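There are 6 protein chains.
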Amino acid sequence: MRMLVVAPHADDEVLGVGGTIAKYIDKGYEVYVCVVTSGHPSMFPEDLLKKLRSEALNAHKFLGIKDTFFLDFPAVMLNEIPVHEVNIKVLDVINEVQPDIVFIPHYGDMHLDHYIVSQTAMVGLRPIREHKVLEIYSYETLSETEWNIPHTSNAFLPNTWIDISDYLDRKLEAMSIYSTQVKEFPHPRSLEAIKALAKLRGSTIGVSAAEAFSLIRRIVL
Amino acid sequence: MRMLVVAPHADDEVLGVGGTIAKYIDKGYEVYVCVVTSGHPSMFPEDLLKKLRSEALNAHKFLGIKDTFFLDFPAVMLNEIPVHEVNIKVLDVINEVQPDIVFIPHYGDMHLDHYIVSQTAMVGLRPIREHKVLEIYSYETLSETEWNIPHTSNAFLPNTWIDISDYLDRKLEAMSIYSTQVKEFPHPRSLEAIKALAKLRGSTIGVSAAEAFSLIRRIVL
Amino acid sequence: MRMLVVAPHADDEVLGVGGTIAKYIDKGYEVYVCVVTSGHPSMFPEDLLKKLRSEALNAHKFLGIKDTFFLDFPAVMLNEIPVHEVNIKVLDVINEVQPDIVFIPHYGDMHLDHYIVSQTAMVGLRPIREHKVLEIYSYETLSETEWNIPHTSNAFLPNTWIDISDYLDRKLEAMSIYSTQVKEFPHPRSLEAIKALAKLRGSTIGVSAAEAFSLIRRIVL
Amino acid sequence: MRMLVVAPHADDEVLGVGGTIAKYIDKGYEVYVCVVTSGHPSMFPEDLLKKLRSEALNAHKFLGIKDTFFLDFPAVMLNEIPVHEVNIKVLDVINEVQPDIVFIPHYGDMHLDHYIVSQTAMVGLRPIREHKVLEIYSYETLSETEWNIPHTSNAFLPNTWIDISDYLDRKLEAMSIYSTQVKEFPHPRSLEAIKALAKLRGSTIGVSAAEAFSLIRRIVL
Amino acid sequence: MRMLVVAPHADDEVLGVGGTIAKYIDKGYEVYVCVVTSGHPSMFPEDLLKKLRSEALNAHKFLGIKDTFFLDFPAVMLNEIPVHEVNIKVLDVINEVQPDIVFIPHYGDMHLDHYIVSQTAMVGLRPIREHKVLEIYSYETLSETEWNIPHTSNAFLPNTWIDISDYLDRKLEAMSIYSTQVKEFPHPRSLEAIKALAKLRGSTIGVSAAEAFSLIRRIVL
Amino acid sequence: MRMLVVAPHADDEVLGVGGTIAKYIDKGYEVYVCVVTSGHPSMFPEDLLKKLRSEALNAHKFLGIKDTFFLDFPAVMLNEIPVHEVNIKVLDVINEVQPDIVFIPHYGDMHLDHYIVSQTAMVGLRPIREHKVLEIYSYETLSETEWNIPHTSNAFLPNTWIDISDYLDRKLEAMSIYSTQVKEFPHPRSLEAIKALAKLRGSTIGVSAAEAFSLIRRIVL
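Residue numbers (our numbering), protein chains in the order written: chain A, 1336 to 1556; chain B, 1336 to 1556; chain C, 1336 to 1556; chain D, 1336 to 1556; chain E, 1336 to 1556; chain F, 1336 to 1556.
Among the clues, some could well be false.
Put simply, identical chains are the same to the list, so a pair is met inside one copy or across any two.
[Claimed, not checked] 30 Å max Cα-Cα, derived BS3-like pairs, lysine-lysine:
| id | residue 1 | residue 2 |
| --- | --- | --- |
| 1 | K1396 | K1530 |
| 2 | K1424 | K1386 |
| 3 | K1518 | K1467 |
| 4 | K1396 | K1362 |
Hints in this document: simulated from the structure, not taken from any laboratory.
Computed from a predicted structure; not experimentally measured.
Please put together the full structure from these sequences, using the hints given.
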């Protein structure tokens, strides 16, 4: 089985899917990550960008990611790029990976980049090709999903819980490799907040840690 | 794998899940049906009730259902029965079947019985027991799901499509065994309407016939 | 009575409203179509664009459309055009046609162009002018409306059904004139899928074929 | 044309539809009202009930109502009556009136009686009979619609505005006949609040007074 | 200031509002609790009911609750009680307490009792009395709020976060007094799950623990 | 206490929050207004723009606004400005004012500028800074909030009512200073429509005039 995680920014894939990535790699899946944006030099010091890139590669190596695609669109400025250019690059990755399972960010996250990446992924995932993607899920991202205007129109409503009791530690370690991104608790992008969310999601299904997702489309052939 | 379909009234299980039942039995699943109500003698002639019961049994035999549970609560009067009595009987069935996959009616269907059955099933399916149900779906029921007030609060939003291209014929045959329930097109509970829905659902995922469901809870252990 | 159908791309007007167009022309309505985009030469071969244009004109002639407005904004790139430019051109058409009834695409369709056209039409249709538009509806478009993320925020919830039993054949014939756009079943933009949807919508109101719409604003003077 | 207004309690028909009733009677429609509950003697003094009944009859006479059906189910206790009993009585009225247009309360109103009446009316209005009801709307009721928990699940979202500029006075007069029900402003069931709502709804479509409705089902044959 | 917490079952008030109760009592508020149901002897052993009652009283004493009202309606059977009887008893409590702030359960919780209590409280809280309740909130209840069908119609969407960093310990201690109700982690009604939720809610606003609520109605005079 | 009202266009702050501004200034609050756009010279005559600017200043002086920030982004063309540029300028204002309470437009308003301003304000208001904003509300804007497609995805659902009985006159006078913007009734941006809305909102909580808001985030420290 081949699995693809689409991340607007490096670290979203760990925040949202880190435990599941570790678990499914253990099961023998080939897991790929597509990082859509990187900081634009005009807004972020180049050193930081290099450091972030190397953190991503290290975290992915640690988790056992098969390959990472960096599309290098400019973060926070994604909506200034023509949509079809983003669409094409994301589609290229999908075509190359030919995934069975795809994880995309929640369209209702606060960050406009998350919305655009969600939308662009859905265009690439239209069920019109020979190769059929069997499962598409959206994931939650601490510090994005919970800060939007509270309204049903953007609500993240999980319907799938994946037990990561045996993989929470690896998720936390992968996250701590992102030393430029991880913050001190009580910031939501901290190890302690990540752990709290994992426990809470776990308790919903009676296991000690879980990641929760919202199924977008499953096809049973 | 063990699968349970909870039907408010005999024939809902075929309308909503008939093709999938046939497909999964072919795959080797044990499939059970729980029919929650039967017509109350005060409202329906006894002959009709007997006929309906025998149609259900024949349809289930035709499909290869392992066992059918008739709870015999009164149709159209389900809301007059104390909720905990319904809860207990439905829970008994769940405990006996120990299903891996459960299909329940859409809570937003127009018929009050569907709402109550959905609610009562969810109580029985709380993830607090040793045995974990891995997947719970709601299904759509022609002549119920589409006749409610059009509002997001009751909208049926499918996220799972099961290819029944090879099983549509068996679904239609099972439905025609329900001779007291099947109507002439253009009634929605007619073979032609069922076929139209199957084709439409199929076209969404690029196959010639499908049944569509809304995932309520999936647990990946 | 004057009726205007706003289509993001040529063929959406037939997919969504084809039967109703035929029916209302029979009733004596003057029906106009506004096609907002056309393929951009940078993305589509010019031959194809010419062919598509002539298909549109032929389909409209076949249906008896009074006049077609081609705004020629670039398809798939509509969000790169300043919104007020699109607004002004759409408003010009509305002002020229002075319609009593308007059909616009569903804002929640997957294609960004559909969302933009819906929004821009609503700006032009603000009830602030002397001439009052009496009815505004959104229509569903196979291969767009059903492929978006399943969420109440984009759900198409029809509340108006127009019987097209006597006009389904003309809708299908109009669609088959769009030979560059029509696909083989089980693609949703195929004649067989269109027929299945028409039957399903018909069965909801007890007729053999219907088109379903969601009323946006009706004014009874 | 025949029009039926279903009111949970006497005065709801005037609060929600009073101006439209007057307007459509002027247009030549036959308008009927079905009042589902009356106060139960155990909860309200009999004098009051008699007075309320006579107010209803006088208000209806003033408006030109063709006939009023009093079902006399107990107010505030409607949920203790078996649903099918309410269903049958409401269906009887529908069958007798054979209406073309029906107005029902908003299912999301705060008062449980409104919810039940909405639901029971929808059962009676399933499009399965020879006689087809062409339009079903829900209306808003001051002091019910705005007091529920603010949530999209019960939101009243109007899509139809009927100009009652020439009929607001008659609506207000009809309401003042209900002397036991009308309150002093700033109570929402006061003449001044009714006027404010009518002006607000009117301003949305550019007329000086309107009533707003949410279309539930329209069939165009 | 006077505050009232309405709890369907003893322990809901601590699960949902325990930290805030402690905090506001520290601020000098008078806090009252209304426990709507108690287990019915037919379903629960009498010993257990006595024990639960004494736990409630102890927990309330520990927190500094001014007074507790036990309405003693039967748990799990609340929907069999005539609604107006529940309404009256809840209203009596509101009238006696004359609260400024009220906390009620989330109407969308899975347990039918929660829905009924929410609804009945809203009837009693209609803003028609001399005494005006200034703030009404709904609270979340672990093991109820997260187990319902995932749908926007019942989604709990918090918009108010109360910092309980200094009161989490007291909340946990109050909960552990409910020894018959508290479970072992990973059950959601365990101390560890309560702590995880408090941390998560805290992280959203940058404090180490919080309780989250959804504002239903605030009046600023 | 310091309060900030973010207005997409000059006059939105009065339409939505005018009475509350007057009331809170009376209470001793310092109130600031941030007007995000001004008409672009290419679309509006310069005279008009000057006049509108001076009306804004006069209205604000009349109300007692402490300071007004004009960001001078181009109206109706806001979506053509890079989002991060708008974000930065709005954030600068927030940082300068350090508000306790913020009012922003409803994200679901029809005008794209309102949506963008809502979104950009939420980015600036992420709870990650030392200074914590205690309350964020969205306000309704006549002629914007009610003209969008009626759908739960954009519904304005108020949960906070502020009594402006003693301040409605000042709101109306402030609005009439905007002589270029105020229209004749029945236009929704007329004094009579504003009064009708204020009365209606007042009647909901039993006072003679109110403004209604939807709480987005409240933090109680």
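Each hint tested on the structure:
no.: 1; hint: K1396 <-> K1530; verdict: within (22 Å within a copy, 33 Å between copies)
no.: 2; hint: K1424 <-> K1386; verdict: both (24 Å within a copy, 29 Å between copies)
no.: 3; hint: K1518 <-> K1467; verdict: between (39 Å within a copy, 18 Å between copies)
no.: 4; hint: K1396 <-> K1362; verdict: within (17 Å within a copy, 38 Å between copies)
Checked against the numbered hints listed earlier, the structure breaks none of them; every hint is satisfied.
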